[in-house]
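If you read the sequences in order, they're chains A and B. Going left to right, the first sequence walks through residues 18 to 306 as the working numbering numbers them. Going left to right, the second sequence walks through residues 11 to 150 as the working numbering numbers them.
Where hints are given, some of them may not hold.
[As the list claims (entries may be wrong)] Heads up, incomplete: computed chain A residues facing chain B, CB under 8 Å, no partners named:
# : residue
1 : A67
2 : F136
3 : P211
4 : P296
5 : Q297
6 : H299
7 : L301
8 : A302
Hints were generated in silico from the structure; no laboratory data involved. As the structure is a computational prediction, the values presented were derived from the model and not from experiment. Where a beta carbon is used, it is the ideal one built from N, C-alpha and C, also for glycine.
Take a look at the letters that make up each chain.
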Amino acid sequence: MLRLVFAALAGGFFGGGLMLSGMTDTARVQGFLDIFGAWNPTLAFVMGGAMLPMALAWVVADRRKVSVLGTPFPPMRRGVDRPLVLGSILFGVGWGLSGLCPGPAMAVVSFAGPGGLVFLLAMGAGMVLAPQATRLTNRLASQRLQMDIRRLTDSYAVSPQIAVEDLQAIKAAGFTTVIDNRPDGEIPPDLHTPVMKAAAEALGLTFVVNPVIGGALTMENVSLQRQAMESATGPVFAYCASGNRCSVVWALAQAGTMPVDDLVRIPARYGYQLDHLRPQLHALAGDKV
Amino acid sequence: MPMEWLMGLLGGLMIGSAAALYLLVNGRVMGASGIVGQMLDGTAGKTWAERLVFLAALIAIPAVFYLAFGAETHLSGHWALLAVAGFLTGIGTRMANGCTSGHGVCGISRLSPRGIVASVLYVGVGMLTVALFRHGLGWL
């Protein structure tokens with residue numbers, strides 16, 4: 018209940034601030050963007066004013082673990098990726114054309130007439146289609162780079178052994194965490210874990226070392242994979258020799274979160290046969306067979 | 011003119027306080043596109059009510075403000091242009107995971123590299139768009 022009261026207070030303050038500052042007037046917003054015409058700097062004052070309390074709030078948030086109502090503070094997402102760049106460019110065009118961004122578009126809907134409603138409905142349609150657009154962007158990126166990224170889900174992909182040079186492409190394809198599931202004993206020294214880890218971290222990727230010994234997978238492997246996936250701030254990329262071990266640990270770590278049929282069927286699309294794991298997956302999921 | 015700037019600063023302080031409140035009490039980033047977008051793409055989960063209440067207040071308070079003091083939007087009368095602009099704004103902000111409030115107000119104040127890159131891009135592209143469509147083509 019308190020959560021809803023404060024959500025209303027925040028929404029109301031946001032709306033009031035937008036009205037007071039004139040950011041609901043598209044002429045003023047486009048005036049700020051019009052550097053070759055009669056430039057209007059008001060938006061810079063609004064941004065400056067808004068950042069003061071917010072910068073303080075982040076300082077306070079850094080010293081505490083959870084919010085007043087007990088919610089953990091959102092971690093900072095790292096990594097500038099393709100969807101971020103492309104999306105911000107598309108938004109810039111829409112913002113320039115209309116003078117409206119999402120907050121003000123909602124704030125003015127009660128008095129902006131039919132045009133305001135047209136903008137809002139079109140914005141909603143764009144928001145619904147955005148996940149598909151993001152997936153398409155990522156797929157095109159990985160195709161162009163000729164890499165063999167096998168996306169089991171939107172948030173988890175597997176691959177055969179990668180080289181140091183591939184890390185840039187993995188980052189560009191939107192991944193934020195790389196999991197190494199291959200023990201160093203079976204690979205040449207220039208692809209050993211410390212080399213890959215240093216290169217990945219230099220790019221701002223999180224690198225998780227979780228070597229799975231072929232045929233001797235442990236439950237620690239499974240829980241480490243699960244932890245890495247849960248704490249990732251974006252899609253996860255796992256590699257081993259063929260991608261098979263990454264698929265096996267994935268299926269075991271996901272048991273109970275999706276039907277066993279899916280856990281077997283999805284990796285099968287890429288040629289990973291997990292049928293023999295069915296009894297174990299059912300047991301982990303707590304199913305009564 | 012400086013009055014406009016002063017109101018901008020005061021309104022900005024209000025917007026920033028709203029974002030600070032939402033972060034420190036509710037533990038969430040106040041990003042307009044994320045709040046509405048995750049309701050539309052089905053990823054809001056248990057936070058639906060919180061988002062709905064936020065949006066209701068975001069729409070209701072300006073409505074009251076409008077009835078009391080009046081306000082001007084100078085919104086374009088070309089519906090096709092608004093539809094295209096709205097669509098690009100919707101798809102772009104969700105692909106980028108943020109707009110002027112999330113990446114701008116909340117991201118830059120945290121010195122988030124993603125927030126800074128996004129903000130430089132949408133402001134820069136917004137400026138180019140206005141230059142092209144207003145001064146080049148004369149559409150705006």
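Query raised in the report: Hey, does the A:A302 contact hint survive, CB to chain B under 8 Å?
Result: 21 Å, violated
Requested in this report: For the hint on A:P296, just tell me whether its beta-carbon gets within less than 8 Å of chain B.
Outcome: Not OK, violated: A:P296 not within 8 Å of chain B, min 31 Å.
Requested in this report: Using 8 Å as the Cβ threshold, decide whether A:P211 counts as touching chain B.
Outcome: Violated: closest Cβ of chain B sits about 26 Å from A:P211, beyond 8 Å.
Requested in this report: Against chain B, run the beta carbon of A:Q297 and see if the smallest gap drops under 8 Å.
Outcome: For A:Q297, the interface hint is violated, since the closest Cβ of chain B sits about 29 Å away, which is over 8 Å.
Query raised in the report: For the hint on A:F136, does the least C-beta distance to chain B fall short of 8 Å?
Result: At 4 Å from the nearest chain B Cβ, A:F136 passes the 8 Å test, so the hint holds.
Query raised in the report: If you take the shortest Cβ to Cβ gap from A:A67 to chain B, is it below 8 Å?
Result: At about 4 Å, which falls below the 8 Å cut-off, the nearest Cβ of chain B leaves the hint on A:A67 intact, so it holds.
Report task. Under 8 Å, Cβ to Cβ, is where A:H299 needs to be relative to chain B, so tell me if that hint holds or is violated. Result -> Given a least distance of 26 Å, the restraint on A:H299 is violated.
Query - A:L301 as an interface hint toward chain B, with CB separation required under 8 Å - result: Hint on A:L301: violated, closest Cβ of chain B at ~24 Å, above 8 Å.
The structure shown violates the earlier hints numbered 3, 4, 5, 6, 7 and 8.
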